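Spelled out from the first residue to the last, the chains are:
Number of protein chains: 2
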Amino acid sequence: MNRITPVVLCGGGGTRLWPRSRSARPKPFLPLLDDGGTLFAATLARCADRSHFAPPLIVAGAAHLPFVQQETDGIEGARVIVEPTMRNTAAAIALAAHLLPRDAVILVCPSDHFIADVSAFRNAVAKAARLAGEGWLVAFGITPDEPETGYGYIRQGEPLGEGFHIASFVEKPDRARAETFLADGGYSWNGGLFAFRAGAFLDELATHRPQMAACVEQAVTGGSTEGAAFHPQREAFERIAAESVDYAVMENTRKAAMVRVDMGWSDIGNWKALHAARGHDAAGNTVRGNAELVDCRNVMVDSDGPRISVIGLEDVIVVVDGDDILVTSAAGAQQVGKLKGPSSQ
Amino acid sequence: MNRITPVVLCGGGGTRLWPRSRSARPKPFLPLLDDGGTLFAATLARCADRSHFAPPLIVAGAAHLPFVQQETDGIEGARVIVEPTMRNTAAAIALAAHLLPRDAVILVCPSDHFIADVSAFRNAVAKAARLAGEGWLVAFGITPDEPETGYGYIRQGEPLGEGFHIASFVEKPDRARAETFLADGGYSWNGGLFAFRAGAFLDELATHRPQMAACVEQAVTGGSTEGAAFHPQREAFERIAAESVDYAVMENTRKAAMVRVDMGWSDIGNWKALHAARGHDAAGNTVRGNAELVDCRNVMVDSDGPRISVIGLEDVIVVVDGDDILVTSAAGAQQVGKLKGPSSQ
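Heads up: the protein sequence lines correspond to chains R and L, in order. The working numbering puts the first residue of the first sequence at 1, with every later residue one more than the last. The working numbering puts the first residue of the second sequence at 1, with every later residue one more than the last.
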């Protein structure tokens, strides 16, 4: 079988990880992990085995190019598509598909997610690649372990090879529906990972979004290559509708398939999720930086400098970044993006 | 009646108000009040009416002299006794008594307490001064409104003029005893305020602590005056036993009396107490500095610079001072003095 080409997407602001995540340095490029590494670097590392994966093709905004280059400098054959502006995932994937042979199997990898179980990831990728080789557009359905209301769901249909047909994509549910999904067992989270042949994707895009397909083609034809970087033609690119790949293609194609995977996945959508992904001490506390905790349980502390002293709290998150200090309940972590502070930066 | 001489004591480190309170700038000199004023300035202001009070005599450590002078520069006749080292309240009061006429009525005022109802304070001072004029050593018993375990108590005896004899002084009780004291009604908090004639105090000191009285006399005789400042002779002063006025004199004298007063008193012993003394919004929140509160109740925020964003918390205190950040539950505020941080400054 041919090697799989990772297409690594670097969009997404991550305002809910404010104050650490800011527009100048969004979530994929922050040293969030226990080892001090970034989610972007971890994404590349999961696809570093050259017996299975071709060198990565990265899609990133111009402003974040220095962060990308810092991690890809040592990766032979890595290429970057530099987006002049953000146009959501359908456009980003279409650009990448245009730059690859039609029969190349693409693995779409968001670079701001956490995956604890890398071998489960690789097994699922192998299954998805086999389905993709047969012409299917394959989504990854993450096995849910709680009634999460922050994710879209995929309802699985009849079995298909090592996976399933997709019965339908489901918008973020309310709590009651999320609980029925969890009990049902036939629903999984849409993790934003996909596998398909480049040509199959472009054909489906041309069918369901002909206008977008035309703009992408113009942006590629009129674009320019500079070393490992490809710059799409700006005017054509800016005419592309900013739609997600789910909305533009996956929900419309008759070739939608899925593989299920349980791999300790998290979108690290907020500080509570990051707390869960990091290591804890016996009391459930997680400390990064200079801190003293007294009588605390499930407290997360993350400071870029000042010393944080915490007394007598439970399920609380404290983050210090420059001149900003965030103190939130775990439940309140969902609301961080709504603070006036982050929007007024 | 002669005017009363306020003797303002500036000892006390206030480690439980760390990180705002540090040894270089202890509690009396911090801008803790709603109007940005210090407890020391508020203490002077309560005794500023020259028809009732003589100019103040202040006892302070050498290191804190600049803070004292900043507030007393405009006060005609104010004097300062500069302690070369801390020797607790009995020594401080004895020094002051020596510098005043024997028949002067002294009002001993700790400068690190908060008093909400100044007219209640003045009424109690008038009563205490009348008893002091008759030769009594008068303590102020603060009417308790909760079973506080952090204060010493005074048990009142038979009525005496506008006050009472003192039946006994009681050490800080446990919770159960504090509750019986509150229910009994005959116990009040020892607020550390006293009134007596200078000569009466020195006589009692000579009776019950002859060694201390001798050392104080030597320290005064060998001391030197420099403008408004009096410097006791260091060697003699350092020989004085560091005892509280309660322990050295009040618990031993047969002339102990008390007046009761309900004046919104607090020793501002920790951040929770300061939160109570400050103004609140409808949700019980108190903000000093740059902050945004979302879904918070009874939260206190105090920042000297960085912006603090708080989400979804109740009964939590956040204080930022330079490179130190304190986040504590209201109940945990009692433990601030036990942090490793403050002791390692």
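In case anyone wonders, no lab produced these hints; they're calculated from the structure. Keep in mind that this is a model prediction, so the values were computed, not measured. Certain hints may be false.
What the hints assert, rightly or not - Lysine to any residue pairs mimicking SDA-like chemistry, simulated, CA-CA at most 20 Å apart:
1. L:K340 to R:K340
2. L:K340 to R:D295
3. R:K340 to L:K338
4. L:K172 to R:E292
5. L:K338 to R:S23
6. R:K340 to L:P101
7. R:K338 to L:V118
8. R:K338 to L:K338
9. L:K340 to R:V294
What hint numbers does the structure not satisfy? As far as the earlier hints go, 1, 3, 4, 5, 6, 7 and 8 are violated by this structure, in ascending order.
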